[in-house]
Each structure stands twice: as structure tokens, then as C-alpha cells.
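Asks: Input sequences plus hints: build the corresponding full structure.
Residue numbers for the sequence shown follow the numbering used here, so the first one is 1 and each next one is one higher.
These are calculated hints, taken from the structure and not from any lab test.
Treat each hint with caution, since some may be false.
Stated by the list, open to error - Computed spacing ranges between beta-carbons, pair by pair: (1) Ala38 x Arg66: 38 to 46 Å; (2) Asp47 x Ser14: 20 to 28 Å; (3) Met4 x Ser63: 26 to 34 Å; (4) His49 x Arg3: 42 to 50 Å; (5) Leu55 x Glu22: 19 to 27 Å; (6) Arg35 x Arg66: 42 to 50 Å; (7) Leu23 x Glu62: 32 to 40 Å; (8) Glu62 x Leu12: 45 to 53 Å; (9) Gly51 x Arg9: 28 to 36 Å.
C-beta: ideal position from N, C-alpha, C; glycine also.
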Amino acid sequence: MRRMAAEGRAVLMSSHLMSEMELTADHLIVIGRGRLIADTPMAAFIDAHSGREVLVRGPRVESLRRMLSPARRRCARTARTAWW
Numbered sequence: 001m002r003r004m005a006a007e008g009r010a011v012l013m014s015s016h017l018m019s020e021m022e023l024t025a026d027h028l029i030v031i032g033r034g035r036l037i038a039d040t041p042m043a044a045f046i047d048a049h050s051g052r053e054v055l056v057r058g059p060r061v062e063s064l065r066r067m068l069s070p071a072r073r074r075c076a077r078t079a080r081t082a083w084w
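Replies: Put into C-alpha cells, the structure is as follows:
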């Protein structure tokens with residue numbers, strides 16, 4: 001696909017997997033329910049829409065919290081779930 005794009009051809013690819021699109025596309029157009037949502041370079045879209053938090057669920061969340069505390073990572077905890 002990149003070879004075809006390098007030849008000046010337009011390449012249209014449809015996917016809901018953002019990781020796949022990141023590896024394949026330089027520019028992203030997102031259409032949802034018939035409306036244009038984004039028309040932007042891939043890197044700009046990822047920067048604007050990437051989360052900076054991680055959700056952790058499991059029986060040993062408290063252990064992970066203790067390991068990350070020295071690194072001064074903030075953690076919000078509820079039961080067996082933690083957000084970093």
C-alpha cells in the first residue's frame with residue numbers, strides 16, 4: 001500500500017483498529033454516522049486522542065500501587081481497580 005501511495009495513487013483503507021492504522025497510514029480520515037469527524041495527520045490524531053492513564057484490574061492492585069509509589073505515580077483506587 002505504501003508503494004502505491006508513493007507512486008501518487010490514492011489508497012483507501014477501512015479499519016476500526018487504530019494500531020493497524022498507525023502502522024499503515026500517514027493521514028487519517030474518520031467518518032462516523034455519515035459525518036466527517038477527523039481529517040488529520042495520523043501522528044496529530046494519536047497525540048490528541050491518546051489517554052495518559054492506564055486502568056488496572058486484578059487481585060494484586062495494591063502490590064502494583066506500592067511498586068509505582070516511589071516513581072511518584074498518582075493512583076486512584078477502588079476495590080480491585082486502579083487508574084494510573
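Asks: Take the hints in turn and mark each one as holding or not.
Replies: For each hint, the structure was consulted:
1. For the pair Ala38 and Arg66, the beta carbons lie near 40 Å from each other, so the given range of 38 to 46 Å is met.
2. Roughly 23 Å separates the CB atoms of Asp47 and Ser14, a value that falls within the hinted 20 to 28 Å.
3. In this structure the hint that Met4 and Ser63 lie 26 to 34 Å apart at CB is violated, the actual value being about 50 Å.
4. A C-beta distance of roughly 28 Å is found between His49 and Arg3, which places it outside the suggested range of 42 to 50 Å.
5. Range check, Leu55 to Glu22: about 21 Å between beta-carbon atoms, so the 19 to 27 Å window is met.
6. As the Cβ distance of Arg35 to Arg66 is approximately 46 Å, the hint placing it in 42 to 50 Å holds.
7. Look at Leu23 against Glu62: about 36 Å separates their beta carbons, and that is inside 32 to 40 Å.
8. A C-beta distance of roughly 48 Å is found between Glu62 and Leu12, which places it inside the suggested range of 45 to 53 Å.
9. Distance hint check: the CB atoms of Gly51 and Arg9 are about 34 Å apart, consistent with the given range 28 to 36 Å.
Comparing the model with each numbered hint stated earlier shows that hints 3, 4 do not hold.
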